[in-house]
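Colleague: Chains as they are written, first to last, in the working numbering: chain A, 1 to 381; chain B, 382 to 685.
Mixed in with the good hints there might be a few duds.
[Stated by the list, open to error] What follows is a set of in silico ranges between Cβ atoms, one per label pair, in the way DEER data are often shown:
no., chain 1, residue 1, chain 2, residue 2, range
1, A, T171, B, R475, 26 to 34 Å
2, B, D582, A, K370, 28 to 36 Å
3, A, T171, B, A478, 30 to 38 Å
4, B, R475, A, K138, 32 to 40 Å
5, A, S180, B, Q643, 40 to 48 Å
6, B, R672, A, T171, 37 to 45 Å
By construction, these hints were calculated from the structure, which means they are not laboratory data.
Built from N, CA and C at the ideal position, the CB exists for glycine as well.
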Amino acid sequence: MWSSYVYTLTWSAITVAFIVASSVAVGTLARLVVRARGADRRRQHDTFSGYAFASPWIVGFIIFVLLPVLASIYWSFTSYRLPNPPQWVGLQNYVRLLTEDRDFRAALVNTFYLVAFGLPAQLGVALGLALLLNQRTKGENFFRMAFYLPVILGLNAAVLLAWVLMFNANTGFVNTVLRSLGKSLPPVNWLTRAFIYIVEITNAFFIGLQNGNYVLLQKVLSSGFPPPHRVPLWLQSPLWIKPSIILLLVWSCGSMMLIYLAALNGIPREFYEAAAVDGATRWQRFRYVTLPLLSPATFYNLVVGMIAILQLFEQPYVLLRDSPTVARGGYTVVLYLWRATFRFNEVGYGAAISWVLTVIILIMTVAQFKLQDRWVRYELR
Amino acid sequence: MIEESVRELSEADVLALYTKRRRRSVTLRERIERLGLYVLLVTGSAIVLFPLVWMLLTSLKTFEEANAPYLVWIPQDPQLTAYVEIIKDTDFLRSYANTIFVTVLAVGGTLISVAVVAYSFSRIQWPGRNVVFFLMLSTMMIPYQALIVPQYVFFNKIGWIGTFNPITIPGFFAGGAAMVFLLRQFMLQIPRELDEAALIDGASHLQIWWHVIMPLSRPALATVATFLFVAHWNSLLAPLVYLQTKSLYTLPVYVASLVNPQQTVQPWPTIMAASVLTTLPLLVAFVFAQRYLLGGIVLSGTKG
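Build out the structure end to end from the sequences listed, making use of the hints.
Modeller: Listed below in structure tokens is the structure:
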């Protein structure tokens, strides 16, 4: 029982000794170099300390980032199944990934879907909550904590399981509420059905993109407007798995809200007063004062949120749990990477997936930075 | 005539007019708006917190209530059987101990090494500092997932798969560039005279770091510690990849494995009891550290 703890503690002690030794070594080496260049004593001392103190990161960077990155680039061009040695296959992994692998294409489509629909939803709700909280209400602190809490809990599998339970299509909490609301208030029922119709058409279209045929879309369209008793199917249907994930993303948008709140606090009151003197309506003040001044915060949230969604893993892992009927509707790139590499033990292929993902993240981030001049304003003109 | 008189009004007059008019006409409207605001905030936070309430309620239900063909809102006769059951489950207790062990070790090691590196980047002048710092910031662009495949092979080669080492030891090397960055930003704000004086008195950088900078950095250290705690307590991908044996599972992996996808009926009360116990330390940490956490987000956000 204790042996695995003792083992790791022993290795921790060895690691600490290694870090100290390597720090002294790196520091001494740096001191020798600056001494040879003729630096004074103080400079030598600072160089030694500087390198010695930074050395844990430098050494860690070489062991855990630089070497893995180089190895992984090489392996992505090989067929590598542990424990056999890697064999060079050229571009074969990438070709298979981008042209043949339908599961990967599905994962890619799903991930882009989540970025395209989930990110705006997150930003909108985060902004709305920040505007509400900015009204200096009583209990502001409590509300801020409440809205931030899902960020802390939202990635924990245990909490995600509560959502699995609530999303149960027949007896789950969400659908029970929807049903009883729909029964007592006909407009709610009508709205729910319209929502179901839109979501199912959109998702059937995206599943068509994944499969290359639009049978499901035709089926959804031909069955027409949903009958009164229909409820969303959430985790039970490939049409609903992505909307379910988006709901979870929106639920945990608290850190975006805090960024917005900080930015709202930084807007000088005079701007609103001046706008009021000019006779601006509330909407105009929001549209022409608040929104432009919030654009740096929006930009930050957009970039960070986009990277987070591109790397999504926990939510689909817990919500899908290998359910074969919905899997394709919900795989994200990282979930697929995990399956390919660690379930099917294809290291070379997994490495290729991880590089495709990295390139996508890089391109999309650079694109955001290039586009920012068009809409992000750091001053009000 | 009218236009002229309007032009003669000074800006101050307009402001006075405006404020007067506002004060006169909005009392009722403002009250209604305030009410609407509170209704929105209260419903919003109720919805947001509801999953936790549901978790707790379900954990107190009987197996039949949780799997009934209709929704049971509140357990008729609240039970603690699920908790008794999950506490008797040695695998659960084991994974709880594992999670505490991994989290404490990883957070401790990471916190100290991050503080050391942040000190170097903020309080010492050394040749090449900006280059190394820029290199560190650029590693933030590399997604963790791109590294997990080669790291897995590396840990496999040295026989660390099926041990806690791969999820604790990398942190000792100042894991997490964002955390170093956050601490560095904080340490930069500490007045430089403090360590200059200590240096003249003959103190070494190690002494200054420990006796001067570390005590002054307490709020930032608390922020980083909380972030690290939450990240390790919630971590799913790395434990899934590296642990592989049930006796080593951490809580997220173990609790997720309690759901059997092959069955339609799940022991929900037991699962939710496990979830409640898993969430509890996070809640406690959140309540104690919330001011650091909320500040840290904004610090890393606006200065990043």
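Colleague: Taking the hints in turn, state whether each one holds.
Modeller: Checked hints:
| no. | hint | verdict |
| --- | --- | --- |
| 1 | T171(A) x R475(B): 26 to 34 Å | holds, 32 Å |
| 2 | D582(B) x K370(A): 28 to 36 Å | violated, 51 Å |
| 3 | T171(A) x A478(B): 30 to 38 Å | holds, 35 Å |
| 4 | R475(B) x K138(A): 32 to 40 Å | violated, 46 Å |
| 5 | S180(A) x Q643(B): 40 to 48 Å | violated, 31 Å |
| 6 | R672(B) x T171(A): 37 to 45 Å | holds, 40 Å |
Taken one by one, the earlier hints fail for this structure at numbers 2, 4, 5, listed in ascending order.
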